[in-house]
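Chains as they are written, first to last, in our numbering: chain P, 1 to 398; chain D, 1001 to 1368; chain W, 2001 to 2510.
Accuracy of the hints is not assured; some may be wrong.
[What the hints assert, rightly or not] Partial list, derived from the structure: chain D residues whose beta carbon lies under 8 Å from chain P: (1) THR1113; (2) PRO1117; (3) MET1127; (4) SER1243.
Simulated from the structure, these hints should not be mistaken for lab results.
Where is the CB? At the ideal position from N, CA and C, for every residue including glycine.
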Amino acid sequence: MNVKRGIWKHRFLASVMALLCLTGCWDMIEVNQLAIVNFVGMDLNPEQGGSTFYYQIINPTGIAAQKTSGINAPVYTYSIRTSDSTENPSKLTDGISKTPFFAHYNAMVVTERAARKGLVDQLNFLEKQNDRQSTIPLIITDSPLPAIMRTYTSLERLPGRNARLIIDNGTYQTGEASPRSQIKHVAENLESTILTVLPIISLSGEDVPSTDTKKYEMIDANKGSFLLKGGALIKQGKMIGRLKSSEMPYYNLLNGQIHIFHQSVPLHEGHVDLRVEDFTVQKKLVMEEGKAVLRVHLKAEVHMENNTQDVKLDEANLREIKSQLDKLIREKCERLFAKSKKNSWDIMGLEAMIKQKRGQPWAEAKRNPESWKETQLDVTTQFIIQTFGNTLDPYKTR
Amino acid sequence: MSGTLKEHISGWQFFLITVNYSLGTAFFIRPGSMIASTKQDGWMIPLLASVFMLAVLWIWLGMAKVYPNLSIVQLAVEVAGKPIGGFIALLYIWYFIQTSSWVTRNLGDFMKTILMPNTPITAFHIMFLAIACYAAIKGVETIARTSEILTPFVIFVMLTIYVCALKEWDWGKLEPMFQSSFNKLMKDTGPVIGFPYLETVTIMMLAPHVKSRLKTALLLGMTVTTLLLSGIVLITVGVLGASRSSHQVYPLYTIVKELQIAEFIENLESTIVISWTIWIFLKLCIAYYCAVIGICQLFKLKNRTGAAIPLIFLIAGIAITLNDNVIGNIAWDKRYIFQYSCFYGIVLPLLLWMLGKFKKRKRKGPAA
Amino acid sequence: MEIMESTSLRKGRRWMNGSNSKSSSVKFNKYDPESFIKSIQEILGNPPDLNHHPFALTPDRQGHCLFINTLVDKGKIEDTILRFFSENFATEDAVNWTMNELRYQIPISNSSTITDLNDCVLALMEGNCLLLLKGEDEILQLDVSMQSMRPIPKPETEMTVRGPQEAFNEDMATSLSLIRKRIKAADLRFEQFTIGSKTESRVVIVYMEELAPTEVVEEFRRRLNAINTDSILDVSYVEDYISDRTFIPMPMMQKSERPDVTVSHLLEGRVAVMVDGSPLSLIGPITFFQFFSSPEDYFQRADIATFMLWIRFISFLLAIFVPALYIAVTIYQQSLLPPSLLISISAQREGVPFPSYIEAFLMAGSFEILREAGLRMPRIAGQAISIVGALVLGEAAVQAGLVSAAMVIVVAVTAIASFVAPYYNFGLSQRFLQYAFMLLASFMGLFGILCGALFAVVHFASLRSFTVPFLAPIAPTYVSDWKDVLARRGRSKIKTYPAMNRTKQKRRIP
């Protein structure tokens, strides 16, 4: 009797458990009911106030291996208006038939005017969302946002991914983009005086968006595609200035974030194109005779890519190349530093460095937030030329 | 009474239980609050707390030595008599139940935030408690073996992930170090001593089952706990930065979420969800078992099942009424946890130890 | 104490079992053999194959020879017994031969004297020949049973590429001889039980006296003695009675058709059970991790065997978790999928009418049907099945948009992985777990799978197979045993017996 009652109790408990399991179904959603967001854009509405957000949503059958002939649209762009400066994705469902899915979006793009106004609210919103990755690049654009968001890109057909790959190229191939340009890096520096440099992308051609899939049939890929165009300086979530493409490698160099960069050295009526890799950058802020000096020591490997000198490549010539390279780099770094001081862009994070210093000599400097401007830059280099390509000397026609 | 003592656990198993119990939830919840309060110096807090714990461990071991075959609940009844001892025992049982509800709630919050936002939190609670209840019915040996098989897995996953996370390591983020004054450090250490260190008094319920190397296991367990806790704070600060991690509810989860090993190995957060769930589960099993066994010992029940099953609903109920959300938890943690845990972790054990010694001497007196 | 008693009662029990009729104490009456024969015939229902052959020692000493001709070797009766009588007919000695003297005169090795009716019936059923002499107290039983030696077959379900190719067959004597052949030690023990009131099956437990721990052997005896049934037809019947109970269907004893496997287990202090008429041995105690080791492991280099062992671990995990994870990830935790995979699954599912979990159960279910059909079909029709299976389930279902291609791949991977399990009955449990996890995944996603896995671990941790914890040597930890379970080491490195078995001797080489 007792045993029977026990079994009944267990069965009852088991069925309660099974019923509880069923509540999990409230979270159930099929893959094909998701609107996979790939690219998000943000712009301010100058007249009405508030912002406009653009969402590019993937059309899976357009992307996945083509079963049917013809070309389908890989993404569709939706836009919504919000009354304040943060996103409101729930409004998105007014216009689309699926559930927005943000976990895999590739990049977020913000117009320059929105960035200059400040992104703190939006960043706080992003950091709060559990389903958003904060490892995606935050991009600034100086082209009109509708044009950016309504452009089909060739080769890589997902525009968000396309932008991301262009930035990756900038980071790993040319040094023109900072590797620390993701949302999390901006968030990290929100409470400090350190700057973040975000990549600027604009639309090439005459700012004509390529809004239909005919784009894929055209051979001229230059029209209406993304172009990396330098960096935007962000301080505490606000854009304060921009660096040119040509200045970006030196910014990365000074901050020790560089992977690779190319430098052409004019020498002996020709020039030597060099690829500099494998950097180790040592930064040290010291007080010398009452003045703060930032010592930057660069160590790198140099590979020769082109050589049009009319002298033979020998040890003396190599020394010349090295010293010329050293001179060039130092010059450019100094120039960039001077420019930043002039514009009050603390690109090296000097203020924060001074703040962390301890001891008597720094007490004065710590009191004055402008004291970083008095810091001097001292760049030293050490290069090893490693490879020369297939040929040693150039062919001569004379 | 002798029926429950038939089960033995080895020193190694008790060591694992100690580590699992003290780290189970603290490993994920503590770093955030430590960094929020002490910034870059957060890693020193566990070390300070562990020095304090040496004294506490001395009390616990002393207490366990008076009557090595009795658990805390039995000891209380034995040395303080039925009415007072029974009351102390009830207090402890309440403490175990409360701990279980905290642990359960932690899991529920985490699951609801991270995995399934629309599912009622009680569904997670009941399912998890049911399994813990099953483990508690099966006994301490089963729990010990379960932790033996799961702990290496959890530790392995954790270590792999954090070694990978070191890619993002930046020495600069650790600066400025040694900024906090000793007083502030001591003040911030309080809550950490309360949770997880003093909370570990629960596992002294299992001490009678340990036949060898109780002291070694406990000390070693606490050492490992301290090192891991301190290490994880260091890693969190070095990878995430003090500013950012002090804003996050689960900084460790964020670290893993942002981890990219290769381009296609992203979104590794599932691994951390799995390993943390396992850890919470092990802790819950132990706390739940202690509650069940406490009830059985106090009321002299022979069958654990009868005590264990109703506890599912009691704990699930307490878990949702305890705090509305994480904020309430944090406030309670800051203000009261130290005092509250001190009562169970220091005051009562000391009292029981003294009473026990006194009683033993009195009994020995006439004989000698 | 209780156990000791029951073992000493064993002999008695055996006769009791045969006598569920009221005439349990009918004794042979030396003046009236005919009526005794009659009662034997009555008990057996006077079957056509019961032969009753009268003979005579001297003209006035009449005797009866009884046997069941379908069970005996007729040649032996004619050549040995009847010839003996005719050659010695009315000789001087024959006049005074008592039954006991006859027993030593007749050249048949296995003989004894009995008096009880039930013993006689049993002796007949075992293929003995009964000699009754008027005026003698006892009945002589002579073993003339037919030795139907079946050839030793090849292993069918536990195949190995290398190593011995012998398997047990249905004849107990042959099977035991295969074990004897491999172990020459004197402490090899066979203990016989007779179980089943109708079948009177011979059940033998085999163990090494100097290795197998006493408590395990006694546990076997206790559980075997507790069996109360009418029939034991196969070793699985015994397993059902004696193996430990589990909630998750998981074998708690190992069945093997290979004598080499059985012997290797005996030599690690385990106990085997053999049943007459069953070509399998039942081995216990067994632990979870032993289900992953195949006899093949011992015929390969240790490092290669370790690799194969881990392949098996991984495919076990794959078989159990892949379909469940697929369901959980596609309907709950999509963010865990890599983006490009998410897009392509999403594209594939466009237009699939069923939700993912129905799709999964549909595919897995039809695979089960295929597998079952493949087992039962005549071998010639097997080809047809595979064509239908491959075409209908694979190509056509995807083409028709009934299921997504990814689902087909998932089911295929699972199916292949599930065939890796070296033991057939473990493979079956694996399938059960797979479906349980699929169900949990469809209701609770990843959390459901986790809960299921935790429950399984707790459940396994609570199990013991004949006093040995099921998850040993991981939990509880016996580090010295890991070299044979988690990673194989060479034979020369394995110097101790598995510590988890608590063998009487600890070292292999004293």
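Item to check | Index of numbered hints that the structure contradicts, given in increasing order | outcome: Per hint list: zero violations.
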